[in-house]
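J.: Following my numbering, the numbering of the sequence shown begins with -15 at its first residue and continues without gaps.
To be clear, the hints were calculated from the coordinates, so they are not data collected in a lab. Some hints could be false.
Unchecked claim - Dumping the calculated DSS-like pairs for lysine-lysine here, alpha-carbon to alpha-carbon at most 27 Å:
| hint | residue 1 | residue 2 |
| --- | --- | --- |
| 1 | K251 | K264 |
| 2 | K255 | K265 |
| 3 | K93 | K135 |
| 4 | K143 | K255 |
| 5 | K162 | K186 |
| 6 | K201 | K135 |
| 7 | K236 | K201 |
| 8 | K143 | K37 |
| 9 | K265 | K143 |
| 10 | K22 | K186 |
Said to hold, decoys possible - Label-pair ranges, simulated between beta-carbon atoms:
| hint | residue 1 | residue 2 | range |
| --- | --- | --- | --- |
| 11 | K136 | Q(-11) | 19 to 25 Å |
| 12 | F130 | S220 | 23 to 29 Å |
| 13 | G70 | P158 | 42 to 48 Å |
| 14 | R160 | E189 | 18 to 24 Å |
| 15 | A270 | R133 | 39 to 45 Å |
| 16 | D197 | A270 | 41 to 47 Å |
| 17 | H41 | N205 | 35 to 41 Å |
| 18 | H159 | N57 | 28 to 34 Å |
| 19 | F130 | F188 | 17 to 23 Å |
| 20 | G70 | I116 | 50 to 56 Å |
| 21 | K(-10) | E23 | 18 to 24 Å |
| 22 | G119 | P158 | 38 to 44 Å |
Note that beta-carbon positions come from the ideal geometry of N, C-alpha and C, so glycine has one too.
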Amino acid sequence: MKISQKSFEDQDTGRLYLVPTPIGNLEDMTFRAIRTLKEVDVIASEDTRNTQKLLNHFAIDTAQISYHEHNINERTPQLIEKMLSGQSVAQVSDAGMPSISDPGVELVKEAIRQGISVIPLPGPNAALTALIASGISPQPFYFFGFLPRKKKELVSTLKELNRRSDTLVFYESPHRIKQVVEQMVAVFGQERQLVLAREVTKRFEEFVRGNTDEVLKWLQNEQIRGEFVLIAEGNSAPQEEEAASWESLSLKEHVEAVMEEHNYSSKEAIKEVAVLREIKKREVYAAYHTIED
-15 MKISQKSFED QDTGRLYLVP TPIGNLEDMT FRAIRTLKEV DVIASEDTRN
35 TQKLLNHFAI DTAQISYHEH NINERTPQLI EKMLSGQSVA QVSDAGMPSI
85 SDPGVELVKE AIRQGISVIP LPGPNAALTA LIASGISPQP FYFFGFLPRK
135 KKELVSTLKE LNRRSDTLVF YESPHRIKQV VEQMVAVFGQ ERQLVLAREV
185 TKRFEEFVRG NTDEVLKWLQ NEQIRGEFVL IAEGNSAPQE EEAASWESLS
235 LKEHVEAVME EHNYSSKEAI KEVAVLREIK KREVYAAYHT IED
C-alpha cells in the first residue's frame, strides 16, 4: 500500500469523493459539492430517497447506489471495482459529513488499501457548528458521538469521560436526551456547564446554555423535539476528583474497584493503581496478594 496520496495527479483509477450535505439548510451546499455530484459516475448514498430530494433541488441527474450499514459488506467491493475500472464515486450520508456517526469509514479504508485517492470536501458538520456557538472553550475538544443506550454502560462511559479536561461533544436523539442529562448531573455534578444545540441550521434552531442542573430542569418542562448536539465543559480538576474517590480505600480495595469498573485483569488494575497513586507497582502487587515481608 502506498503511503503518499497526491489527490489530483493523473491516475489509472477513479477517485472516491467524500461530499458533505446540508444538515438542515439547503443554502449550506457548496458550489464544489454540487459540481462534484454532477461530475462523478455514481453517488453512494446512505438513503437514496433522501438524497434524491437534494439532487432534484440542485438539478443533479447522477445515478445513485445505496450504501448503508446493512449492505456495507456487499456494496464495498462493488464500489471499489467501479473505481479500479476508472469510475469516480461520491459518497454522501443523509446529512453532514460521511463517516461521522454515519456509514463511510469502511469504504474509505478499502479505497486507501487499493491505492485509490480519497478526496474530502469541506462542508456542514453539526458537532463543529454547535461547538463554535456554545460559548464553551472549543480547544481542545473530544468528539464522542452517540453515548451507549443501556444505563449501566452510559454511566460507566460518563465516568470515564469525567476524567477528561477537554470539552466533550455528543450527538443525541430527542427520546434519550433527558435520560442522558440526568446521568450527567449524577456523574459530572450540578455545576458543570452544558449546552444543548437543537435543530442546528434549521428553522427552529435553539441553544440552551446553563449548568447541568439548569439544563435538566429546562428539559423537564419542555416538549422535546429535534436532534441535539450536547457540548459539556471538561473537568477542570480530573486528577483531584479521581484521587478523592479512592483515597479512603486500601490498596487491595482500590485494585478490586478498578477491576470491577473497567473489567480489568488484576495485572492491569495493579498497574493502573500504581500510576494513580504514584507508587511502585510491586508495592500494590504485594498489598493485593497480601504478601508480607
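J.: Each hint needs a verdict: does it hold in this structure or not?
T.: Okay, the hints, checked on the actual structure:
no. : hint                      : in the structure
1   : K251 - K264               : holds, 13 Å
2   : K255 - K265               : holds, 6 Å
3   : K93 - K135                : violated, 32 Å
4   : K143 - K255               : holds, 19 Å
5   : K162 - K186               : holds, 21 Å
6   : K201 - K135               : holds, 20 Å
7   : K236 - K201               : violated, 40 Å
8   : K143 - K37                : violated, 42 Å
9   : K265 - K143               : holds, 24 Å
10  : K22 - K186                : holds, 25 Å
11  : K136 - Q(-11): 19 to 25 Å : violated, 43 Å
12  : F130 - S220: 23 to 29 Å   : holds, 26 Å
13  : G70 - P158: 42 to 48 Å    : holds, 45 Å
14  : R160 - E189: 18 to 24 Å   : holds, 20 Å
15  : A270 - R133: 39 to 45 Å   : holds, 41 Å
16  : D197 - A270: 41 to 47 Å   : holds, 44 Å
17  : H41 - N205: 35 to 41 Å    : holds, 37 Å
18  : H159 - N57: 28 to 34 Å    : holds, 29 Å
19  : F130 - F188: 17 to 23 Å   : holds, 22 Å
20  : G70 - I116: 50 to 56 Å    : violated, 40 Å
21  : K(-10) - E23: 18 to 24 Å  : holds, 19 Å
22  : G119 - P158: 38 to 44 Å   : violated, 23 Å
Hint compliance for this structure: hints 3, 7, 8, 11, 20 and 22 are not met, and every other hint is.
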